[in-house]
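Chains as they are written, first to last, in the working numbering: chain L, 1 to 698; chain F, 1 to 698.
Hints were generated in silico from the structure; no laboratory data involved.
Hints should not be assumed to be uniformly reliable.
Partial list, computed: chain L residues near chain F (C-beta under 10 Å) [to be verified]:
no.	residue
1	Val34
2	Leu179
3	Leu180
4	Leu248
5	Ile312
6	His319
7	Asn357
8	Val452
9	Ile507
10	Ala510
Simulated restraints, written as ranges between beta carbons of each label pair [claimed, not checked]:
no.	chain 1	residue 1	chain 2	residue 2	range
11	F	Arg561	L	Pro643	38 to 44 Å
12	L	Arg70	F	Pro350	41 to 47 Å
13	L	Gln93	F	Ala436	54 to 60 Å
14	F	Ala121	L	Ala182	28 to 34 Å
15	F	Ser343	L	Arg66	46 to 52 Å
16	L	Pro33	F	Gly65	56 to 62 Å
17	L	Glu183	F	Glu668	21 to 27 Å
Non-contacting residues of chain F with respect to chain L, defined by C-beta distances greater than 10 Å in every case (computed) [stated by the list, open to error]:
no.	residue
18	Ala11
19	Arg42
20	Ala255
21	Arg287
22	Ala467
23	Gly472
24	Asp485
25	Ile507
26	Gly531
27	Ala692
From the three backbone atoms N, C-alpha and C, an ideal C-beta is built for every residue, glycine too.
There are 2 protein chains.
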Amino acid sequence: MSTAPAPPAAARRDLRALFAPESVAVVGASDDPVKWGNWLARGAIRAEHRRAVHLVNRRGGEVLGRPAHRSLAELPAAPELVVLAVPPAAVEQAVDDALAAGARAIVAITAGEADGDAGGARDAALAARVRAAGAVLLGPNCMGVFDAGSELELSAAELPPGAIGLVSQSGNLALELGLLAAEAGLGFSRFVSLGNQADLESVDLVRDLAEHDATELIAVYVEDFRDGRAFAAAAQAARAAGKHVVLLAIEHTEATARAVRSHTGALASDTAAIDAACRAAGIERVRAPQEMIDLAEGLLRAGRPAGRRIAILADGGGHGGVAAGLAHTAGLELPALGPATVSALRARLPPTAAAANPVDLAGGGEQDIRTFDHAARALLDSGEVDALLITGYFGGYSEYGEAMARAEISVAGALGDAVRTTGRPLVVHSMYGRNAATEALRQAGVPVYRTVERAVATLARLARAGASAPDGVPAVPPPAPPVSDSDYAAARALLAAGGVPFAPAQIVTADEEAVAAAQRVGYPVVLKALGLLHKSDAGGVVLGLRDEAALSAAVAGVRARLEPPALSVEHMAPIADGIELLIGARRDPRFGPVALAGLGGVYAEVLDDVAVALAPVGEDQAERMLRSLRAAALLRGARGRPPVDVRAAARALAALSRVAAAHPEIAEIEVNPLLALPDGALGLDARIVLAAPPDAAP
Amino acid sequence: MSTAPAPPAAARRDLRALFAPESVAVVGASDDPVKWGNWLARGAIRAEHRRAVHLVNRRGGEVLGRPAHRSLAELPAAPELVVLAVPPAAVEQAVDDALAAGARAIVAITAGEADGDAGGARDAALAARVRAAGAVLLGPNCMGVFDAGSELELSAAELPPGAIGLVSQSGNLALELGLLAAEAGLGFSRFVSLGNQADLESVDLVRDLAEHDATELIAVYVEDFRDGRAFAAAAQAARAAGKHVVLLAIEHTEATARAVRSHTGALASDTAAIDAACRAAGIERVRAPQEMIDLAEGLLRAGRPAGRRIAILADGGGHGGVAAGLAHTAGLELPALGPATVSALRARLPPTAAAANPVDLAGGGEQDIRTFDHAARALLDSGEVDALLITGYFGGYSEYGEAMARAEISVAGALGDAVRTTGRPLVVHSMYGRNAATEALRQAGVPVYRTVERAVATLARLARAGASAPDGVPAVPPPAPPVSDSDYAAARALLAAGGVPFAPAQIVTADEEAVAAAQRVGYPVVLKALGLLHKSDAGGVVLGLRDEAALSAAVAGVRARLEPPALSVEHMAPIADGIELLIGARRDPRFGPVALAGLGGVYAEVLDDVAVALAPVGEDQAERMLRSLRAAALLRGARGRPPVDVRAAARALAALSRVAAAHPEIAEIEVNPLLALPDGALGLDARIVLAAPPDAAP
């Protein structure tokens with residue numbers, strides 16, 4: 001699939017004509033209520049008080065009681081925005097007509113068209129003509145655009161107004177997000193359906209939303225990130241402008257690749273690369289629509305707590321226990337409460353209540369609903385927790401009758417006051433779903449969830465997001481002179497020149513040079529037979545050669561078994577004193593170079609415990625990566641072993657990542673093992689895989 | 001806390017008087033609509049056509065328009081069931097009055113009472129008197145009982161009738177489960193609120209529900225399992241009788257222990273022990289109410305697929321991709337479809353559709369809603385998948401108008417037919433929630449979920465449950481003569497006698513005996529200084545002593561540093577040739593002996609990768625435990641290493657588990673490392689922790 005040449009990476013496109021046009025023309029306007037041309041025309045007409053609306057239908061006559069023009073050429077004035085509801089085969093001509101009529105922005109709907117190489121070439125040509133005219137094109141194969149502020153409703157999705165700017169490459173997912181947001185009492189500032197991204201890409205929309213005042217949260221569903229590094233940088237800029245960014249991105253698997261390729265011809269990025277980009281940019285990644293809306297509700301209503309310490313408040317020990325168990329599993333902490341807080345609680349709670357964490361009102365809510373307010377204040381005021389979760393029955397006391405309902409609504413407001421005065425978030429799980437009391441909570445700035453699973457998952461997510469600053473999206477350095485050799489010697493030389501330390505080694509091609517080489521590097525030595533992909537699997541590595549006799553015997557043995565073209569004679573590192581790590585990098589087709597680190601040796605393949613980040617990484621970030629491993633306790637010295645020099649290993653990882661970032665011709669690069677020692681680190685092997693040249697791509 | 005002496009473990013209590021009494025008396029019956037005595041009396045009166053109802057209020061007069069008796073002694077006949085809504089202080093007397101009046105079953109409500117040692121002693125005494133009278137007592141501190149078949153509604157929870165038998169130790173969680181079940185169109189055959197379990201315990205209710213025809217699924221929330229092994233055995237019997245068993249059990253953490261202890265004085269079991277019991281008995285464990293109802297819907301409507309292979313069917317690539325990503329993460333497989341299935345799909349789908357897995361109808365549903373039926377049949381008929389997930393828009397085509405709604409309902413029925421004829425389950429995620437079309441799906445035996453997360457999680461759960469038979473709940477053997485020593489020598493001797501292989505060793509108390517010991521075990525040897533908890537951390541283990549000189553020097557060094565009371569001289573095992581495992585067991589206060597296995601040495605503490613099962617385990621089960629580890633690839637021989645003798649390691653684990661099961665005085669027992677070699681396995685260390693004697697408990 002070919003791709004249209006993109007405009008310069010940092011350029012922000014002018015999208016005013018797309019979102020707030022002075023005039024709009026609907027091509028394919030129709031009276032048939034099951035047709036796109038009907039929905040679009042009616043949407044445009046609803047804002048006739050805001051802008052001139054022109055309906056175009058090649059049969060002319062009347063559409064929706066208004067005169068229809070036979071073509072764009074007939075319009076009395078140039079339309080700023082043209083939206084096309086035409087069959088796939090007519091798109092190219094319609095775009096050209098729109099440009100000829102003076103359009104500054106074009107939205108091409110034409111859903112359901114087949115994709116493929118022909119479509120890609122068509123899209124590239126279209127985009128080039130649009131850009132040459134200084135206009136912008138959304139789609140083709142998209143589901144329209146919506147802007148609440150300018151009352152622009154040119155989409156099939158009925159979206160409530162609100163603070164979410166939604167950019168989606170799937171129309172039906174956008175519909176679902178709209179339904180779920182409405183249930184949560186949330187709405188949209190803008191919605192943009194990306195379609196094929198022939199011209200406008202997700203990065204253009206994120207850049208624009210970053211400066212859109214009405215947008216507080218940017219929600220993105222995208223399958224093909226195009227320039228993923230630029231996308232991450234745009235999201236980072238949006239975060240810097242005070243917007244939240246939530247990304248729904250699917251896992252990259254064989255099956256999802258089938259799903260996505262069949263859908264829009266998009267190329268799914270590696271899941272780990274997307275995660276790395278999200279961590280770098282401060283993007284919150286989610287996996288499903290409800291998770292996205294739950295997190296949006298949490299971010300927009302509650303914000304990020306300062307830490308992971310929470311209190312739980314329930315009327316009933318079962319609810320408190322279930323929530324506490326889920327919170328623990330989600331990585332939240334439930335500290336025991338100090339004596340002052342316990343006293344403050346005891347003073348306001350019935351004697352049967354448990355003034356612990358979780359607090360169990362034990363029927364106290366039934367006796368006096370204000371107990372919730374008193375307990376919540378005591379907990380939020382304590383300074384001992386960063387956030388509060390109320391779980392279970394609240395929202396249901398209204399079932400007891402009118403008076404209780406009024407009291408519950410009043411307590412909901414008081415809970416909102418407690419959040420405002422303490423600055424600490426409150427999240428509520430109410431088993432009773434939506435009613436006047438839970439709506440009052442939402443009005444007071446408290447997110448409310450129907451299930452405790454969702455409440456806890458969101459709170460844990462908010463706490464994680466608040467816990468650490470993103471690492472930032474690194475710039476990819478200009479390419480260094482490319483390497484063409486990918487053998488062990490070349491890999492080792494490239495990495496050593498870049499700053500990765502290796503054990504002293506000499507490569508020899510004649511067996512008789514081995515002994516002299518060993519004298520130079522110093523005994524004991526390791527002998528490696530080169531020219532084999534997995535040297536150690538094939539018996540091509542002989543360890544612990546203490547003298548000339550042992551070395552000569554090993555050389556003879558390797559020669560007889562493997563006939564290697566060359567040998568490496570290396571000073572043997574003190575393997576028993578260290579921990580074997582793996583450091584590496586690979587190049588993602590969208591996000592560029594990605595660095596990774598994990599345990600090395602046999603454990604690298606066996607344990608799924610790898611830290612990943614956009615390359616190049618600095619030494620501090622590299623050290624954080626190593627310390628984030630599940631196996632990091634080994635580095636700190638388990639069971640009486642001395643700790644290893646994590647900083648030295650981090651320096652090696654940072655150096656490797658710089659090499660990888662400067663060599664776009666390298667698809668994969670790896671040092672496995674990197675021996676982390678109590679004092680220093682030593683690469684014991686090196687490997688490069690060069691990218692296939694472009695003309696060799698399938 | 002003291003516990004009432006339990007009846008013999010295997011005895012099934014006669015609960016007919018509790019669930020289907022001929023007559024019922026409500027003590028504390030009241031006209032006040034916010035009182036328990038009112039709800040219970042009204043509930044009882046609703047079934048006056050089924051049984052005699054007596055209201056008791058110490059003031060006499062009328063209650064709810066019926067004459068009220070001043071005491072149970074005044075009743076014209078003995079009431080089979082007496083339900084007590086009296087203050088905590090009056091419970092004891094009220095129970096005695098009920099027994100005196102001839103009650104066969106007593107339900108003691110009295111919510112909100114404080115717990116503690118005094119309550120425990122009171123409960124034990126109450127239970128003893130009830131048992132002596134041949135009656136049963138539910139509670140105290142419970143929320144009543146409900147039986148749909150006998151129209152017994154003596155509870156605050158309004159529960160729809162259905163196939164779920166619910167046993168709960170939390171009243172509010174039962175209320176929430178009732179609400180969630182109603183939303184899912186599910187209902188309850190019975191509900192029993194356990195309260196303090198003074199007499200009737202969860203195991204009694206599970207035993208009874210196992211033989212209750214109207215109950216198809218037993219749902220349990222319990223905090224204190226009491227005799228956990230008997231509970232697991234009862235659940236196993238229920239599974240054998242064709243019932244599903246779903247257990248909501250909270251994680252055991254410091255905070256949940258606070259929550260639970262404050263609630264009912266219950267003792268939470270270790271999470272791993274509960275998991276082990278669930279795997280043994282075929283119980284499905286869940287963590288939260290929505291998860292419980294989702295799984296109940298899946299089990300009752302769809303059943304268990306034969307395997308993990310699924311197809312996904314969506315109208316829109318985004319929905320298919322999101323579902324495929326979640327399915328992959330959940331451990332489901334999405335096989336590529338064979339050419340015959342692809343042809344069958346192509347023949348019935350529009351040309352723009354993707355006939356892959358996931359299938360994307362790409363608007364085909366809008367054009368012809370029957371496309372769903374055609375595609376579903378092609379997939380379910382293919383033999384290439386075990387189940388089908390439809391995700392996204394289905395349920396929403398009805399939004400297009402009356403005709404489409406009728407068509408969608410008809411397709412829902414056809415989908416149910418496809419499930420019945422193929423015997424392969426279908427699970428549906430509908431973004432439109434409940435409407436006539438999704439209700440038609442449920443009527444046709446198809447579970448429907450509002451979010452794709454819940455649909456995928458449930459389907460993955462069903463597939464896991466179908467994948468393997470439970471191991472069975474092992475009987476705990478009669479106790480062997482107890483051990484009183486817990487030092488290394490005693491641990492090694494006990495385990496060796498039980499069948500765990502160890503390297504040859506000799507324990508000596510005089511340094512000069514070491515050399516002779518080494519001659520007997522054979523060089524090279526390892527020297528261990530005994531009397532230290534972590535020998536290797538303290539430098540009390542010296543490896544690789546090849547001769548007398550080396551051994552003598554090591555003995556002198558250890559003597560100087562540590563002054564050990566004894567030394568162990570052991571033949572050194574070929575550590576480099578094997579994989580170090582950990583095998584062990586510990587005794588859970590409720591579930592008894594539990595066996596565990598993981599990687600050994602430094603990795604045991606660092607990696608959270610442990611398999612757990614109720615002890616004793618057989619050799620086959622022990623081997624499955626070892627092969628279930630994440631690190632199992634190491635055992636199969638990673639990177640050119642030979643595979644190790646997993647069977648020998650499994651034999652050692654089974655032997656250790658038998659020793660642990662036969663020694664209730666042992667709190668913990670462990671061999672770490674157990675060296676798994678290419679041929680055999682060898683214990684290299686052994687450790688016992690004896691349980692504190694009962695009078696030393698806090």
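For each hint, the structure was consulted:
Hint on Val34 of chain L holds. Least Cβ distance to chain F is approximately 7 Å, under the 10 Å limit. Below 10 Å, beta-carbon pairs count as interface contacts, and Leu179 of chain L has one with chain F at about 6 Å; its hint therefore holds. Restraint check, Leu180 of chain L versus chain F: the minimum CB separation of about 8 Å is within 10 Å; hint holds. For Leu248 of chain L, the shortest C-beta to C-beta distance to chain F is roughly 7 Å, which falls under 10 Å, so the interface hint holds.
Hint on Ile312 of chain L holds. Least Cβ distance to chain F is approximately 8 Å, under the 10 Å limit. Here the hint on His319 of chain L is kept, as its CB sits about 6 Å from the closest CB of chain F, short of 10 Å. Hint status for Asn357 of chain L relative to chain F: holds, with the closest Cβ pair at about 6 Å, below 10 Å. Against a cut-off of 10 Å between C-beta atoms, the interface hint on Val452 of chain L holds, since the closest Cβ of chain F lies about 5 Å away.
At its closest, the beta carbon of Ile507 of chain L sits 23 Å from a beta carbon of chain F; the interface hint therefore is violated under the 10 Å criterion. For the restraint placing Ala510 of chain L at the interface with chain F, the shortest Cβ-Cβ distance is roughly 28 Å, beyond the 10 Å limit, so the hint is violated. Take Arg561 of chain F and Pro643 of chain L: their Cβ atoms lie about 22 Å apart, and the range 38 to 44 Å is violated. Hint check: Arg70 of chain L to Pro350 of chain F, Cβ distance near 31 Å, so the stated range 41 to 47 Å is violated.
Here the CB-CB span from Gln93 of chain L to Ala436 of chain F is close to 43 Å, at odds with the stated 54 to 60 Å. Between Ala121 of chain F and Ala182 of chain L the Cβ separation comes to about 55 Å, which falls outside the hinted range of 28 to 34 Å. The given range of 46 to 52 Å is respected by Ser343 of chain F and Arg66 of chain L, whose C-beta atoms sit roughly 48 Å from each other. In this structure, Pro33 of chain L and Gly65 of chain F meet the distance hint of 56 to 62 Å, their C-beta atoms being roughly 58 Å apart.
Range check, Glu183 of chain L to Glu668 of chain F: about 50 Å between beta-carbon atoms, so the 21 to 27 Å window is missed. Taking the minimum C-beta to C-beta distance to chain L, about 28 Å, the non-interface status of Ala11 of chain F holds against the 10 Å cut. The beta carbon of Arg42 of chain F is kept farther than 10 Å from every beta carbon of chain L, the shortest such distance being approximately 16 Å. Separation of Ala255 of chain F from chain L is inadequate, the least Cβ-Cβ distance of about 4 Å not exceeding the 10 Å criterion.
Some Cβ of chain L comes within 10 Å of the Cβ of Arg287 of chain F; the nearest lies about 6 Å off, and the non-interface call is violated. The non-interface label for Ala467 of chain F is consistent with chain L: the shortest C-beta to C-beta separation is roughly 19 Å, beyond 10 Å. Distance check on Gly472 of chain F: its Cβ is at least 27 Å (rounded) from any Cβ of chain L, clearing the 10 Å threshold; non-interface status holds. No beta-carbon of chain L is positioned within 10 Å of the beta-carbon of Asp485 of chain F; the least distance is around 25 Å.
Taking the minimum C-beta to C-beta distance to chain L, about 23 Å, the non-interface status of Ile507 of chain F holds against the 10 Å cut. Here Gly531 of chain F stays apart from chain L, with its beta-carbon at least about 17 Å from theirs, past the 10 Å limit. Separation of Ala692 of chain F from chain L is adequate, the least Cβ-Cβ distance of about 24 Å exceeding the 10 Å criterion.
Hint compliance for this structure: hints 9, 10, 11, 12, 13, 14, 17, 20, 21 are broken, all remaining hints hold.
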